[in-house]
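K.L.:
Residue-level listing of the chains:
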Amino acid sequence: MNGPQDLGGMMGFGAIAPEANEPLFHAPWEKRALALSLAMGATRQWSIDTSRHAREKIPHHQYWSLSYYEIWIEGLLRLMNERNMLDGPPKTLPRLEAQNVAPVLAKGSACNREVSSPPLFNIGDRVRVRNLQPMGHTRLPGYLRGKTGEIALHHKAHVFPDSNAHGSGENPQHLYTVRFFARHVFGKNADDFLQADLFEPYLEAP
Amino acid sequence: MPHDGHDHEHENSELSPIALRVKALESLLVEKGYVDPAALDVLIDTYETKIGPRNGAKVVAKAWTDPAFADWLKKDATAAIESVGYSGRQGEHMVAVFNTPEIHNMVVCTLCSCYPWPVLGLPPVWYKSPPYRSRAVIDPRSVLAEFGMTLAETTKVSVWDSTAEIRYLVIPMRPANTEGMSEEQLAAIVNRDSMIGTRLAG
Amino acid sequence: MNGAHDLGGQMGFGPIDAPATEPVFHENWEARMAALSMTVAGGWTIDEDRSACESMHPAKYLRTSYYEHWLHGMESLLQKYTPDSSSPTRPQDVWAAVTARGSYIRQVPNAAAFAIGQKIRVKIMNPETHTRAPRYVRGHVGEVARINGAHVFPDSNVLGLGENPQWLYTVRFTANELWGNTASDAIHADLWEPYLEPAS
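Residue numbers (this note's numbering), protein chains in the order written: chain C, 1 to 206; chain A, 1001 to 1202; chain S, 2001 to 2200.
Note that these hints are calculated values from the structure, not bench results.
The beta carbon of each residue, even a glycine, is placed where N, CA and C say it ideally should be.
Among these hints, one or two may not hold up.
[Claimed, not checked] Calculated Cβ distances over 10 Å to all of chain S for the following chain C residues:
no.: 1; residue: Ala-20
no.: 2; residue: Pro-23
no.: 3; residue: His-26
no.: 4; residue: Gly-108
no.: 5; residue: Val-185
no.: 6; residue: Pro-201
[What the hints assert, rightly or not] The calculated DSSO-like cross-link candidates involving lysine-lysine, where the alpha carbons are at most 30 Å apart (straight line), are:
no.: 7; chain 1: C; residue 1: Lys-188; chain 2: A; residue 2: Lys-1156
no.: 8; chain 1: C; residue 1: Lys-156; chain 2: A; residue 2: Lys-1075
no.: 9; chain 1: C; residue 1: Lys-147; chain 2: C; residue 2: Lys-57
Please put together the full structure from these sequences, using the hints given.
P.N.:
Structure follows, in structure tokens:
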């Protein structure tokens, strides 16, 4: 969706203002917010894609004024509300136990999948980004739509967020890193370039 | 609000609305049996004490001193980084991008906050903030200027927008006059921001 | 600038709240703000006023109501300008003031570069200052539907670089071109010549 998360190229947010000697957390509640978000992910009631989409649905003005852990908490509450998990009776769900934290983090959750279809594009191919405007979750930033670039890397097939976020299955698709000239994307910055990781359904032959 | 200590040791009256909200949420989730509070403590401790940018700094220092390792990083960063002991959540699919005098790399996630946790830990606030996320792709040189970096006109900026589950680690250029330094000494001069691409190492 | 005001195509704002009846002003302060805007001869142009509103932090812009944008605009313009106090608008002047026929059309020596029916492309451009080219049309091909004469060019006027009048076109785009959908709907935008290039 063309929501508040799609920030690439927007202006007006002011200085970046990196904080010297920034602490890892700015308040104790931030630690709990991080840990709660990770632990609730382990209940397997939603995927990372669904949780990203929950955050994207926060109204623009709110998303742009909340701190990042506030966004996480807001997203977590939305996910749980949608599933009647806050008010409803407790369900028996997989739970992350203290002794399993280290192995679970070490294992991660790889997103690559085997598919039988060969990739449509090869490294070096010119591709144009389709002008897709989905109402649901997508990982195609607005600023790249309609722009032409070149396949720089091929990562084989990965879980397709546009399907997975909506419970429509992993529907794995070939994933490419596509390289663009900045001037083709923004009309400036001369010979600088930029890359984005784009799924095959986002791309077409120019 | 103090930055140390545990919020549950304070009276509620001292807590901000968001802190109260998180506390209430945690109590509810513990009561329903969805989370183990001890697991939360372990998660926090992991990212406070075990996983952070010193991991990435070791990878960079090894890449500077071991050409075979640098080559491996270029070909299969996930495996090369795993061989140093770092893998897992938010680092499942790694790509290492090498700075050169011709190309300066910089990483952003315009859509959320994707960041290579196993090598850099949790991202700083600025990396997740709208000013950085909006501007890094359209005006990277002004971003670099804010961090005190002015690139030569002949150096091209190459921005990587982490839109999928691939995570990027910038391998900064090795500073001059570091020939005699050990891998350990080199790791100590690799700062976090140089591995995001907003500063130089050293 | 690519600010929060540039809303075309944004999603997530929910349904349109359109009550059957609505007062002209919802609060007394809104009425005062509207009246202030129409009577203070501040010395600034409408383009500077728009630019001042657009320069609000995006979160604040979307959190605040329309007349708060006006208030913000006037507050920031008053930092820069001293309004003319020699002849304040008198009550008996108001009707004439609000019905006065102004015009943004200017005579220019050059002919229009594009003709009705001609295919044009909106340039890929991202000015950091005020512009009236929305992001959603940039890079897209449309057709000249109307030529409106040469009009004051906001992108120059806002910077104090003069009116720099430029030919103004109404450009017709298909919904398919702009949004990739299959609808046969048309979308028109008024675009100045410097925003456009021939579609090759």
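K.L.:
Does each hint hold? Answer for all of them.
P.N.:
Evaluated hints:
no., hint, result
1, Ala-20, "holds, 23 Å"
2, Pro-23, "holds, 24 Å"
3, His-26, "holds, 19 Å"
4, Gly-108, "holds, 30 Å"
5, Val-185, "violated, 7 Å"
6, Pro-201, "holds, 12 Å"
7, Lys-188/C to Lys-1156/A, "holds, 13 Å"
8, Lys-156/C to Lys-1075/A, "holds, 15 Å"
9, Lys-147/C to Lys-57/C, "holds, 26 Å"
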